[in-house]
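J.: Listed below, chain by chain, are the residues.
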Amino acid sequence: MERRDFLPYLLLLPAILYLLGFIGYPLIQAFYLAFTKDGALSLETFRRAISDYYFWDALKNTLLFGAVIVPIQLALAVLLALFMNRTFKGRDLGIYALIIPLTISDVAAGLIWFSMLSPYGFVNKILINLGITDAPIYFFGYQFRAREFFVIVLAEIWRATSIVFVIILAGLQMISKEYIEAAEVFGAGYWTRLRHIVLPMLKPSIQSALIIRTLFAMQIFGIVLILAGRDIPVLAAEGFRQMVDLKDPGVASIYALIIAAISLVLAGLYVKFLKAEYLEVGER
Amino acid sequence: MNDETRYLLKRIATYAVVFTIVLWILLPLVIAFLYGFTTAEDYYNPTKIIPTNFTTKYIETILFTLGAWNGIKNSIIVALMTIGISFLLGIPAGYAMARFIFPGKDTIKLSIVGIRMFPVIVMAIPLVVLYINLRLIDTLLGVALAHTAMALPFVILITSSIFAGVSKELEEAALVFGLTRFGSFRKITLPLALPGLAAAAMFTFVMSWNEVFMASILTLNNRTLPALILSIVAGAGGGAAPDYYKFAAAFIMTLPAMVFVFFTRKYLVTMWGITLK
Numbered sequence: 414m415e416r417r418d419f420l421p422y423l424l425l426l427p428a429i430l431y432l433l434g435f436i437g438y439p440l441i442q443a444f445y446l447a448f449t450k451d452g453a454l455s456l457e458t459f460r461r462a463i464s465d466y467y468f469w470d471a472l473k474n475t476l477l478f479g480a481v482i483v484p485i486q487l488a489l490a491v492l493l494a495l496f497m498n499r500t501f502k503g504r505d506l507g508i509y510a511l512i513i514p515l516t517i518s519d520v521a522a523g524l525i526w527f528s529m530l531s532p533y534g535f536v537n538k539i540l541i542n543l544g545i546t547d548a549p550i551y552f553f554g555y556q557f558r559a560r561e562f563f564v565i566v567l568a569e570i571w572r573a574t575s576i577v578f579v580i581i582l583a584g585l586q587m588i589s590k591e592y593i594e595a596a597e598v599f600g601a602g603y604w605t606r607l608r609h610i611v612l613p614m615l616k617p618s619i620q621s622a623l624i625i626r627t628l629f630a631m632q633i634f635g636i637v638l639i640l641a642g643r644d645i646p647v648l649a650a651e652g653f654r655q656m657v658d659l660k661d662p663g664v665a666s667i668y669a670l671i672i673a674a675i676s677l678v679l680a681g682l683y684v685k686f687l688k689a690e691y692l693e694v695g696e697r
Numbered sequence: 044m045n046d047e048t049r050y051l052l053k054r055i056a057t058y059a060v061v062f063t064i065v066l067w068i069l070l071p072l073v074i075a076f077l078y079g080f081t082t083a084e085d086y087y088n089p090t091k092i093i094p095t096n097f098t099t100k101y102i103e104t105i106l107f108t109l110g111a112w113n114g115i116k117n118s119i120i121v122a123l124m125t126i127g128i129s130f131l132l133g134i135p136a137g138y139a140m141a142r143f144i145f146p147g148k149d150t151i152k153l154s155i156v157g158i159r160m161f162p163v164i165v166m167a168i169p170l171v172v173l174y175i176n177l178r179l180i181d182t183l184l185g186v187a188l189a190h191t192a193m194a195l196p197f198v199i200l201i202t203s204s205i206f207a208g209v210s211k212e213l214e215e216a217a218l219v220f221g222l223t224r225f226g227s228f229r230k231i232t233l234p235l236a237l238p239g240l241a242a243a244a245m246f247t248f249v250m251s252w253n254e255v256f257m258a259s260i261l262t263l264n265n266r267t268l269p270a271l272i273l274s275i276v277a278g279a280g281g282g283a284a285p286d287y288y289k290f291a292a293a294f295i296m297t298l299p300a301m302v303f304v305f306f307t308r309k310y311l312v313t314m315w316g317i318t319l320k
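Protein sequence lines, in the order shown, are assigned to chains W and B. Using this note's numbering, you'd call the opening residue of the first sequence number 414 and step up by one each time. Using this note's numbering, you'd call the opening residue of the second sequence number 44 and step up by one each time.
Please note that the accuracy of each hint is not assured.
Here are the in silico distance ranges between beta carbons for each label pair [what the hints assert, rightly or not]:
hint, chain 1, residue 1, chain 2, residue 2, range
1, W, His-609, B, Leu-184, 36 to 42 Å
2, B, Ile-144, W, Arg-608, 34 to 40 Å
3, W, His-609, B, Phe-225, 48 to 54 Å
Distance condition first, Cα-Cα at most 25 Å in a straight line; then the derived SDA-like pairs of lysine to any residue [to be verified]:
hint, chain 1, residue 1, chain 2, residue 2
4, B, Lys-91, W, Ala-674
5, B, Lys-152, W, Gln-620
6, B, Lys-152, W, Arg-460
7, W, Lys-473, W, Ala-674
8, W, Lys-616, W, Trp-604
9, W, Lys-538, B, Thr-98
10, W, Lys-688, B, Ser-154
11, W, Lys-538, B, Thr-99
12, B, Lys-100, B, Pro-299
13, W, Lys-660, W, Arg-460
14, B, Lys-230, B, Val-219
15, W, Lys-538, B, Asp-85
16, W, Lys-538, B, Leu-69
17, W, Lys-473, W, Trp-571
18, W, Lys-473, W, Ala-596
19, W, Lys-660, W, Leu-424
20, B, Lys-152, W, Ile-541
21, W, Lys-616, W, Leu-492
22, W, Lys-502, B, Asn-45
23, B, Lys-53, W, Gln-586
24, W, Lys-685, B, Gly-157
25, B, Lys-53, W, Ala-596
26, W, Lys-502, B, Val-304
27, B, Lys-152, W, Leu-424
28, B, Lys-211, B, Leu-184
29, B, Lys-53, W, Glu-597
30, B, Lys-100, B, Pro-285
31, W, Lys-538, B, Pro-285
32, W, Lys-685, B, Ile-158
33, B, Lys-148, W, Ile-624
The hints are simulated quantities; they were obtained by calculation from the structure and are not laboratory data. Glycine residues also receive a C-beta, built at the ideal position from the N, C-alpha and C atoms.
Chain B on its own, in the form it takes in the complex:
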């Protein structure tokens, strides 16, 4: 075998691997989307692998009859509140981690990393008891507060690495020119950190959007989308809904996440690289 054939074979092998990966990830998504819009007749026709008749009927039923539209609204509200609260608390903390050296810093940082490893399930059950007393049970604020506890350690670590990436000299220069520390943070560091913070916000959004255990336990009538879908699909003995409703539900749940990946794909890899240091 000469070098040229070897090179060619290697290239073919490379593209075969890439093709397999892309197919393996995308095929289930494409099929779920297609089947989510398939008519029942096409779905139950065993010879029709790729459906040709489409309907939005099942998506509409899930959205409007079974309450997924409310679930979407609830999920969005919870996720936005989670972003709001966790950034309000996390940005100052992340900034302190990035810019100051102080006794106990390593211990605090280590504890925050440790808390990130905490299984959220342990949190959910006692929170029910607490929430009943505080009248937060079955409220969106309650879920958002719980999601914040889950997201906050992540937000602190990621904002700290984003701020550390913004040159300290710029900020110090602003101090020299008479801005206050807060002023220089607001005018210099914050704008420069904004793209990174936006990516972190979107990641927080997706974390909250996808969380199902706490949302299911803390709510009954005001369910977020995953909690609602879980109760529709797996409620009452597992799988009462016809198949095509399940695919329609899959489509509704996945779409926003896909949009998210599209916008943040540049940041995703580096973001994890930095946080996991």
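Bound conformation, chain W alone:
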């Protein structure tokens, strides 16, 4: 391959400078806003943040959403990807349907699920007309927080499983057929092949999918505001409130940094415990 020493760096430089400016600088600034007061190091803002009435609830809810949503999405996506990786008529239609939510934002998904489950919404009308209930079931409102939680989980699974599905499906398609055929020749059944060949080789994809999904789950925001308002506080929404309503960038930065710290720790754990075993010596 050709070597001209400066050219690749020159081509990369603008992008790198941009990223340093727009991600490096804000990151440093976030620490500054969060941990200084009048130019000196101070934990006062941090104390103010964690003594906020909603803080611990927000932390708990954010982690709970992640712990409930991400595993369900992973399991569902792996099942769907294995199913869609076979050939049958109608497969393209199925894949097409499954990737539609990829482009639907959390705000839109919140609004869409509201239309399904609101007091006069589709589900309640069906239940009433079938005689299953007399009065509509209320899914929204402060007194029904458990139901709001359930609806948000449902809407997130509907909306965001597609990204996990796409990553897993792409991973499945990269697995060389030769391994599977070789195993078949040696008499390995479907479950044996799945356990010993397909799933281990799928680990890098599972890892990427888990990291991406967990990261976004920790930032859960729009869908919660639409479906539950402040009934269920989450970190991102509380950070937003601190910034926009209370004009407190210091505390808002603490919320943001806590989200970043949790994401980083979880991503680190995934990398550590899902170490990819490369069966193939490729260009990875």
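Following the hints, position chain B against chain W.
T.: Frame of chain W; chain B shown alone:
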């Protein structure tokens, strides 16, 4: 059970699963669209599951009275600027990644992947402070610059895999025939990479179109569509707007994304497969 019945049962089961998947994804969309055009009378009539009277009144109110039309325009401008800036910076970088071997390449690539994992929320708050000083607060350019930071790592990785997919030999042949490196890039590689780049551009568009946290924090009067809808629907104690306005809003927000999937469905799966290597 003989083989033929087993085969038949298997087929029925397969189609039952596919049918369930399609219904599960599409039903909420269809219902939201229908209810977005329902009259209030039909909506509040508990026996009418499928409305029969339709109106565009609520869509029009959202678009013109509540400012969603401006939100749409803002969203489009921001998304186009995001595509412009991130491709201007990302294409050279992606090309460098695809065509050259140089010291530090792996480190740079890894850092870019790492940055993609960066939660954008951390960025938004300090940017407000910076933007106030730079007079970029509440401007569309400001939002586009922030969205570019979010999209750029993705654009670099995807363009690099697209360029890597274009045969290097063609480009080298052009060099032999006397084109400059830039000329051969422009005349040979770029046209061949165009479909992939178009798909990446559309994906960038949708990323920017859907982003709500930064857009909400960085703007007040010049809101993008999601930020505007969020403030209409969830503003002031959560849910002041009547239900049918919410469905109308859902319709407005989802339509462009659906169009996008329709045009790029071929690329979506492979695009992610390649980027996530």
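J.: If a hint holds in the structure, say so; if it doesn't, say that too.
T.: So, going through the hints one by one against the coordinates:
1. Taking the beta carbon of each, His-609 (chain W) and Leu-184 (chain B) are about 54 Å apart, not inside 36 to 42 Å as hinted.
2. Distance hint check: the CB atoms of Ile-144 (chain B) and Arg-608 (chain W) are about 39 Å apart, consistent with the given range 34 to 40 Å.
3. For His-609 (chain W) paired with Phe-225 (chain B), a C-beta distance near 50 Å keeps the hint of 48 to 54 Å intact.
4. With a C-alpha separation of about 49 Å, the suggested pairing of Lys-91 (chain B) with Ala-674 (chain W) is violated against the 25 Å cut-off.
5. Distance restraint check for Lys-152 (chain B) and Gln-620 (chain W): the Cα-Cα separation of roughly 18 Å lies within the 25 Å cut-off, and the hinted pair is therefore satisfied.
6. Distance hint between Lys-152 (chain B) and Arg-460 (chain W) is unfulfilled; the C-alpha atoms sit about 38 Å from each other, more than 25 Å.
7. This hinted pair checks out: Lys-473 (chain W) and Ala-674 (chain W) have alpha carbons roughly 15 Å apart, not beyond 25 Å.
8. The suggested pairing of Lys-616 (chain W) with Trp-604 (chain W) holds, with an alpha-carbon distance near 17 Å, which does not exceed 25 Å.
9. A threshold of 25 Å between alpha carbons decides the hint, and for Lys-538 (chain W) with Thr-98 (chain B) the separation of about 20 Å falls inside it, so the pair holds.
10. The hinted pair formed by Lys-688 (chain W) and Ser-154 (chain B) meets the criterion: a straight-line CA distance of about 19 Å does not exceed 25 Å.
11. Pair hint Lys-538 (chain W) plus Thr-99 (chain B) holds up; C-alpha atoms about 22 Å apart against a cutoff of 25 Å.
12. Restraint check for Lys-100 (chain B) and Pro-299 (chain B): the C-alpha separation of about 20 Å stays at or below 25 Å, so the hint holds.
13. Only pairs whose Cα atoms come within 25 Å are accepted, and Lys-660 (chain W) paired with Arg-460 (chain W) is accepted, the gap being roughly 17 Å.
14. In summary, the hint linking Lys-230 (chain B) to Val-219 (chain B) is supported, as the alpha carbons are separated by about 14 Å, within the 25 Å threshold.
15. A distance of roughly 12 Å separates the Cα atoms of Lys-538 (chain W) and Asp-85 (chain B); the hinted pair therefore holds under the 25 Å criterion.
16. Taking the CA atoms of Lys-538 (chain W) and Leu-69 (chain B), the gap is near 18 Å; set against the 25 Å cutoff, the hint holds.
17. For the hint linking Lys-473 (chain W) to Trp-571 (chain W), the alpha-carbon distance of about 23 Å falls within 25 Å, and the restraint holds.
18. Restraint check: the Cα-Cα separation between Lys-473 (chain W) and Ala-596 (chain W) comes to about 45 Å, which exceeds 25 Å; the hinted pair is violated.
19. A hinted pair counts as satisfied when its Cα atoms are at most 25 Å apart, and Lys-660 (chain W) with Leu-424 (chain W) does not qualify at roughly 40 Å.
20. In summary, the hint linking Lys-152 (chain B) to Ile-541 (chain W) is not supported, as the alpha carbons are separated by about 56 Å, beyond the 25 Å threshold.
21. Under the criterion of a C-alpha separation no larger than 25 Å, the hint pairing Lys-616 (chain W) with Leu-492 (chain W) is consistent with the structure, at around 15 Å.
22. Under the criterion of a C-alpha separation no larger than 25 Å, the hint pairing Lys-502 (chain W) with Asn-45 (chain B) is consistent with the structure, at around 23 Å.
23. For the hint linking Lys-53 (chain B) to Gln-586 (chain W), the alpha-carbon distance of about 23 Å falls within 25 Å, and the restraint holds.
24. Restraint check for Lys-685 (chain W) and Gly-157 (chain B): the C-alpha separation of about 15 Å stays at or below 25 Å, so the hint holds.
25. The hinted pair formed by Lys-53 (chain B) and Ala-596 (chain W) meets the criterion: a straight-line CA distance of about 24 Å does not exceed 25 Å.
26. This hinted pair checks out: Lys-502 (chain W) and Val-304 (chain B) have alpha carbons roughly 21 Å apart, not beyond 25 Å.
27. A threshold of 25 Å between alpha carbons decides the hint, and for Lys-152 (chain B) with Leu-424 (chain W) the separation of about 14 Å falls inside it, so the pair holds.
28. Among the hinted pairs, Lys-211 (chain B) with Leu-184 (chain B) is inconsistent with the structure: their alpha-carbon atoms are about 37 Å apart, more than 25 Å.
29. Of the pairs offered as hints, the one joining Lys-53 (chain B) and Glu-597 (chain W) holds, with about 21 Å between alpha carbons and a cut-off of 25 Å not exceeded.
30. For the hint linking Lys-100 (chain B) to Pro-285 (chain B), the alpha-carbon distance of about 13 Å falls within 25 Å, and the restraint holds.
31. A distance of roughly 18 Å separates the Cα atoms of Lys-538 (chain W) and Pro-285 (chain B); the hinted pair therefore holds under the 25 Å criterion.
32. Restraint check for Lys-685 (chain W) and Ile-158 (chain B): the C-alpha separation of about 19 Å stays at or below 25 Å, so the hint holds.
33. Taking the CA atoms of Lys-148 (chain B) and Ile-624 (chain W), the gap is about 23 Å. The hint holds against a cut of 25 Å.
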